[in-house]
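Using my numbering, the first residue of the sequence shown is number 18, and each one after it goes up by one.
Check before you lean on any hint, since a few could be wrong.
[As the list claims (entries may be wrong)] As a list, the in silico SDA-like pairs of lysine to any residue whose alpha-carbon atoms are at most 25 Å apart:
#1 K100 - N113
#2 K74 - L122
#3 K29 - S86
#4 K93 - R72
#5 K29 - P47
#6 K29 - K126
#7 K100 - E53
#8 K55 - L122
#9 K93 - L122
#10 K29 - P91
These are calculated hints, taken from the structure and not from any lab test.
Keep in mind that this is a model prediction, so the values were computed, not measured.
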Amino acid sequence: MNIENTQSQMRKGILEFCILSIIRRGEAYPSDIVEEMKAANLQILEGTLYPLLTRLKNASMLTYRWVESNSGPPRKYFSLTEKGEGFYKELEQTWNELSNGVNALTSKKPEHPFQY
18 MNIENTQSQM RKGILEFCIL SIIRRGEAYP SDIVEEMKAA NLQILEGTLY
68 PLLTRLKNAS MLTYRWVESN SGPPRKYFSL TEKGEGFYKE LEQTWNELSN
118 GVNALTSKKP EHPFQY
């Protein structure tokens, strides 16, 4: 069994929730999202982030506005829509249920530790 594949699938499952959590706090520029994710030890590449942002925008979860930049092209800042806020709250509820369940299961000590 490939541990890297399992770890990757676990991370992918929470990626949208984490990104929406960042944007929910206020408008976010994609490179700022990448930096915040890295600071939380959740690595994401811009090549992964941009398609996800586009998909969320096309699903009316996000909106964006262009902001002129002094040092290059205009920047696209994303924010949550009302529909996105509702979606976020559903994900948050699901995360809390999963997190509580996983913590309950993984915190139990084995009755009969595995012996070789």
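Margin query: Holds or violated: K55 and L122, Cα atoms, limit 25 Å.
Written below: violated, 28 Å
Margin query: Next pair to validate is K100 with N113; report whether the Cα-Cα distance is within 25 Å.
Written below: It holds: about 20 Å lies between the C-alpha atoms, which stays within 25 Å.
Check: Under the criterion that the straight-line Cα-Cα distance not exceed 25 Å, is the pair K29, P47 satisfied?
Finding: holds, 17 Å
Next item on the list: Please work out if K74 and L122 have their alpha carbons no farther apart than 25 Å.
Entry: violated, 36 Å
Next item on the list: For the pair we were handed, K93 and L122, check the Cα-Cα distance against 25 Å.
Entry: Violated. K93 to L122 sits at ~42 Å, over the 25 Å cutoff.
Margin query: Checking one constraint from the list: CA of K100 to CA of E53, max 25 Å. Satisfied?
Written below: holds, 24 Å
Check: Does the alpha-carbon distance linking K29 and S86 stay inside the 25 Å limit?
Finding: Measuring from Cα to Cα gives roughly 32 Å; hence the hint is violated.
Check: Do the alpha carbons of K93 and R72 lie within 25 Å of each other, as the hint requires?
Finding: Holds, at about 15 Å.
Margin query: Between the alpha carbons of K29 and P91, is the straight-line distance 25 Å or under?
Written below: violated, 29 Å
Notebook entry, point to check: Hey, K29 versus K126, does the alpha-carbon distance stay inside 25 Å?
Noted result: violated, 28 Å
Violated hints for the displayed structure, listed by number in ascending order: 2, 3, 6, 8, 9 and 10.
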